[in-house]
Each structure stands twice: as structure tokens, then as C-alpha cells.
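A.B. asks: Once you have looked at the hints, place chain H on chain G.
Chain residues, written in single-letter form:
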Amino acid sequence: MRLKDGVIFTKVADETIVVTVGEAAEAFRGMIKLNSTGAFIAEHMLQDTTKEELAAALRQEYEVDEATAMEAVASIVEKFESVELIRE
Amino acid sequence: MTNKYQFAGICVEITHIYPYFSQLARDYLCDADPEVSLTVTQADIDLERADGEAQDGYLESLVIYRKLCEQLVQKDIILLHSAAITVDGKAYLFTAPSGTGKSTHIRLWRKRFGKAVGIINGDKPLISVTPTEIRAWGTPWDGKEHWSANRSAPVAGICQIGRAAENTIYPASAEEALRVLFTQTYRPQTEMGMRKTVQLLAEISRRVPFWNLKCNMTAEAAEVSYAAMRGE
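So the protein sequences, as listed, match chains G and H. If you read the first sequence in my numbering, its first letter stands for residue 1, the second for the next number, and so on. If you read the second sequence in my numbering, its first letter stands for residue 1, the second for the next number, and so on.
In isolation and in its complexed conformation, chain G is listed as follows:
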């Protein structure tokens, strides 16, 4: 899976704001706010990946156990799925 084309990450203060243009904007025209962990996961979804790979990448960057990493990944994936920004 990966994010649709046109998902844009903009860092504002210590948060990341996600908005859309092009293909992504046809699915979702709102705004998503992410903390640094959420942004780390979501930005890795710009390339084709899996939940397992995302969790592994997260564990390399942050000191978290596998269950916590998988939970964080699942939550972000679900967030983007719910607004139809994920391509299988």
C-alpha cells in the first residue's frame, strides 16, 4: 500500500499538517494534523510499503516495542484509510 499522489506534508511549528492536491484532493479536501511519530509513519507511506515495514522503520527511529509500533502504525493507516488516501 501507499498514499495516493498529491498528499502534502507541511511542517508548522512542532506539528505536521497534511493537505492534498491532484488525485488525493479528489478523495479528501480537508486537513489532517499529525505529531512527529504520526508524520514519520505517514511520510514512509509515500512509497509502497506494508504495516510490518512501517513498524520496523518506526522501531529503528524511536525506542518502542513491537506491539506499540504496530499499534501506532495501525492507527495512522486507519486514519488515512478513513479519508480514502491509501492506494492498495
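Mixed in with the good hints, there may be bad ones.
[What the hints assert, rightly or not] Computed far set for chain H versus chain G, every beta-carbon distance over 10 Å: (1) Glu13; (2) Thr15; (3) Gly101; (4) Lys115; (5) Trp147; (6) Asn216; (7) Gly231.
[Claimed, not checked] Derived DSS-like pairs (lysine-lysine); straight-line CA-CA distance at most 30 Å: (8) H:Lys196 to G:Lys79; (9) G:Lys11 to H:Lys75; (10) H:Lys90 to H:Lys111; (11) H:Lys196 to G:Lys11.
Because the hints were derived from the structure by calculation, they are not lab data. C-beta atoms are modelled at their ideal positions from N, C-alpha and C, and glycine is treated no differently.
C.D. replies: For chain H alone, kept in the frame of chain G given last:
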């Protein structure tokens, strides 16, 4: 036809087809070196036509604003769908979904505070963001009321209007302000433009007081919003 106009302090050279726009924007003609230029083609106008009802000249004016916004965002200027008025040299912006009563509320201000209230633009003012100032500018795109003047003022407050039986006003967080402003701005089609838009809106929501007004249509509604936004 090609003419030069000044919008939000920027001289723009516009090449277009129909006289409607020349007439609409006649108060904004200028004679400086253009910093921005844009051209409208009949193909652009045909793309703009959604329902087949509108005249080409009117559609062309929409195309021009769209193209202008795509370029002005790179100069830290964005459109904010709102009604902008001035009192004592400061600008106050009212935003709301269509039909919620922006125009009605502004009529209440004018009725209550008279000539102290000046119009900047009733529908689509431009907002410029600099390190020292956030300023609202008049434009010829002025909505169905045709309230507009070629003037500008620093923005002292933005107010989201909702209807209620009683009049109340309370400040909103910068986060809520950003969410509301994002729904009321022009959405650039490019990644660079969209990124810049988010940054500019975040600046505005951080630096300009943002208010939530719930109001009815009585004179008291104007007094409540005026008192809060003016700090009186």
C-alpha cells in the same frame, strides 16, 4: 486586451478576452512594472463553465481570480472567502458558510455604528502576510452585494458567524482558526502553492485573534461582536 492592475500591492498584467472584467476592475488599474502576468484563453473559460448558464465574461473573471491566486500565494498573499470591513483604520473579517448571515451582520454593524464602518470587500478580499503585518485588501470580486472598495487595512480580528437565538462570542484556538480558514481559502493546484497556503494560514491563525460568534439578527448582535473584536 491587456491591462495592468494592482491587487494587494502587486502590479499584475492581465491579458483577457471579454470587456466584463475591464469594467469590473477599472478601479484597480495601475501603471507600474508588472511583477506578475497572466493570460486567459477561451479554453480556460470553457473549462470554468459548469452549468452552461453563466456568461463568458463573468466566467472569465473567475478564471482570472483563480490564476491570480495561484501566483499571488508565492508572494505571501491569499484569498479568504469573507466579508472585510474597517473601523478606525483596522480591518475585521467575517466568515461563514454561504447563507449564514455575513451580509446581515455587516448591515447590523453599519446600522449601529454608521459611517465609522467602511467596506473593504464583501466576499473575496485578499490577505497579505509579512513579518510585521497581516493586511486585508479590496478586490473587484465582491459577491452578490457588490460591496467593495480599493482600500486596505491591517487585520485586527477574524470572526466566524453562526446562528443562534442568543448572542455570544468566544475566542477560538489557533488550531480551530486554521481549520476554519482552510475551508475558506482558495486551494492552489500545485504542491508548492498548497504548501505555502498552509504556512500562510498557520501564520494568520497564530497572529490574528479569531472569534466564534453565535448570533441572531438584532442590533445587540453587532454590539456583542464589536465589543469583543475591538476589545471594548
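A.B. asks: Could you run down the list of hints and mark each one as holding or not?
C.D. replies: We went through each hint and held it up to the structure:
With a minimum CB-CB distance of about 26 Å to chain G, Glu13 of chain H clears the 10 Å threshold, and the non-interface call stands. The Cβ of Thr15 of chain H sits about 26 Å from the closest Cβ of chain G, beyond the 10 Å cut-off, so the non-interface label holds. With a least CB separation of 24 Å from chain G, Gly101 of chain H remains clear of the 10 Å interface cut-off, as annotated. Distance check for Lys115 of chain H against chain G: the nearest CB is about 40 Å away, which clears 10 Å, and the non-interface claim stands.
Against the 10 Å criterion, Trp147 of chain H stays outside the reach of chain G, whose nearest CB is about 28 Å from its own CB. At roughly 30 Å from the closest C-beta of chain G, the C-beta of Asn216 of chain H stays outside 10 Å, upholding its exclusion from the interface. The claim that Gly231 of chain H lies off the interface holds: its Cβ sits roughly 26 Å from the closest Cβ of chain G, which is beyond the 10 Å cut-off. A threshold of 30 Å between alpha carbons decides the hint, and for Lys196 of chain H with Lys79 of chain G the separation of about 24 Å falls inside it, so the pair holds.
Annotation: proposed proximity of Lys11 of chain G to Lys75 of chain H holds, straight-line Cα distance about 19 Å (limit 30 Å). Pair hint Lys90 of chain H plus Lys111 of chain H holds up; C-alpha atoms about 19 Å apart against a cutoff of 30 Å. Straight-line distance between C-alpha atoms of Lys196 of chain H and Lys11 of chain G comes to about 11 Å, which keeps the hinted pair within the 30 Å bound.
Of the numbered hints stated above, none is contradicted by the structure.
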